[in-house]
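**Q** Sequence:
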Amino acid sequence: MTAPTHVAGPPRLRRPWKFNWTATLIVLMGLIGVGVLMYPSTAAWWSQYHQSQLIGSYNQSVLQEPYPHNEDRLAEAHAYNQALTSGALTVGEHKPTTDGSANPTFDYWHLLSEPDVPLGRILFPAAEVDLPIYHGTSDEVLLKGVGHLEGTALPVGGADTHAVLAAHRGLASATMFDHLDQVQVGDTFTVQVLGEVLTYRVVSTQVVKPEDTKTIAPQPGRDLITLVTCTPLGINTHRVLVTGERVMPTPAEEVDRALNNSDLPGFPWWAVILGAAVIGGGLLIWRSGYPPKSKPSRKTQS
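For the sequence shown, UniProt numbering gives the first residue as 1, with consecutive numbering after it.
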């Protein structure tokens with residue numbers, strides 16, 4: 001009995017790959033759409049990354065300063081606060097809110113740090129804030145971090161002081177005080193200035209008109225800091241005010257956190273999404289370059 005013979009069929013032809021312009025245009029449009037949707041979170045991540053690098057450099061420089069350089073600067077800031085009578089300057093203007101005047105003995109712009117160099121750091125976990133603090137509230141300052149409102153006490157603590165710190169909300173390229181309107185009474189935030197760490201517990205949150213400056217006036221015997229940002233988003237007719245009162249002593253965990261590098265911005269999930277979109281788009285273009293398999297005819301099957 002002879003074994004059955006197998007007749008070899010025609011050789012399989014390798015399907016040629018051909019560039020598919022239609023699929024490529026569809027993928028490119030899709031990638032552009034994903035990029036537009038991911039831009040705010042991507043820009044905010046890079047902005048916070050840059051801020052965290054600045055904070056790390058600030059912490060390092062503070063810890064490396066020889067004694068008593070930082071102590072002398074803090075003492076000068078306390079003396080400035082005691083002599084301050086001018087009242088806050090309206091944000092974006094040089095208009096004091098009271099009839100007093102600043103003591104000419106002190107050069108505000110060189111207290112605690114040199115101009116354009118952070119004078120401190122603010123951490124507010126409930127508002128997802130870990131940002132450097134700068135002198136003044138000019139547009140340039142508010143695009144790169146938190147500004148100290150000139151005319152209010154410097155954020156170094158002390159009875160009868162009320163410091164005011166302001167930042168933008170709703171920037172497309174950065175996250176500043178975006179979540180300030182979501183904090184609650186009892187939340188805490190911490191300020192670190194030249195190695196001095198001060199923690200404040202939120203005692204009030206309110207929305208006021210820009211000209212209502214009574215809410216940021218010093219109160220006898222109290223150590224206060226008020227955080228300010230604009231509202232509603234894009235309209236900015238009012239101000240969100242979050243006021244905290246000093247917690248003493250400063251909790252040890254807050255001291256450790258304030259003297260260490262920032263743990264923000266966290267893992268860049270936007271990079272995973274963009275990477276997946278690019279890989280998926282590339283696979284789609286590659287697959288679309290091959291013609292679809294032709295089904296065998298019935299005559300061939302029979």
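Worth flagging that the hints you see were computed from the coordinates, not collected in a lab. Every residue, glycine too, gets a C-beta built ideally from N, C-alpha and C. Hints may contain errors.
Derived CB-CB ranges, DEER-like [claimed, not checked]: (1) 269 <-> 203: 31 to 37 Å; (2) 25 <-> 260: 45 to 51 Å; (3) 158 <-> 46: 52 to 58 Å; (4) 46 <-> 233: 37 to 43 Å; (5) 215 <-> 259: 28 to 34 Å; (6) 203 <-> 57: 40 to 46 Å; (7) 212 <-> 280: 26 to 32 Å; (8) 289 <-> 49: 37 to 43 Å; (9) 57 <-> 172: 38 to 44 Å; (10) 259 <-> 36: 19 to 25 Å; (11) 46 <-> 212: 33 to 39 Å; (12) 275 <-> 217: 29 to 35 Å; (13) 115 <-> 253: 28 to 34 Å.
**Q** Just to be sure I understand the hint, the distance between the Cβ atoms of residue 57 and residue 172 should be within 38 to 44 Å; is that true here?
**A** Hint violated: Cβ distance 26 Å, outside 38 to 44 Å.
**Q** Kindly confirm whether 52 to 58 Å is satisfied by the beta carbon distance between residue 158 and residue 46.
**A** 37 Å, violated
**Q** Could you tell me whether the CB distance from residue 46 to residue 212 stays inside 33 to 39 Å?
**A** 36 Å Cβ-Cβ, so the 33 to 39 Å window holds.
**Q** At the C-beta level, are residue 46 and residue 233 separated by a distance inside 37 to 43 Å?
**A** 21 Å, violated
**Q** Is it true that the C-beta distance of residue 212 to residue 280 lies inside 26 to 32 Å, as the hint says?
**A** 53 Å, violated
**Q** Looking only at beta-carbon atoms, does the pair residue 289, residue 49 fall within the given range of 37 to 43 Å?
**A** 38 Å, holds
**Q** Could one say that the CB atoms of residue 215 and residue 259 fall in the range 28 to 34 Å?
**A** Taking Cβ atoms as reference, residue 215 and residue 259 lie about 31 Å apart, which means the hint holds.
**Q** So the hint says 40 to 46 Å: do the beta-carbon atoms of residue 203 and residue 57 match that?
**A** 33 Å, violated
**Q** Look at the Cβ atoms of residue 259 and residue 36 and judge whether their distance stays inside 19 to 25 Å.
**A** Given about 40 Å between the Cβ atoms, the range is violated.
**Q** Do residue 269 and residue 203 keep their Cβ atoms within the hinted range of 31 to 37 Å?
**A** At roughly 35 Å between Cβ atoms, residue 203 and residue 269 fall inside 31 to 37 Å, so the hint holds.
**Q** I want to verify a distance hint. Is the separation of the beta carbons of residue 25 and residue 260 within 45 to 51 Å?
**A** Taking Cβ atoms as reference, residue 25 and residue 260 lie about 49 Å apart, which means the hint holds.
**Q** Does the beta carbon distance between residue 115 and residue 253 stay inside 28 to 34 Å, or does it fall outside?
**A** With Cβ atoms ~33 Å apart, the hint holds.
When the structure is compared with the earlier hints, violations turn up for hints 3, 4, 6, 7, 9, 10, 12 and for no others.
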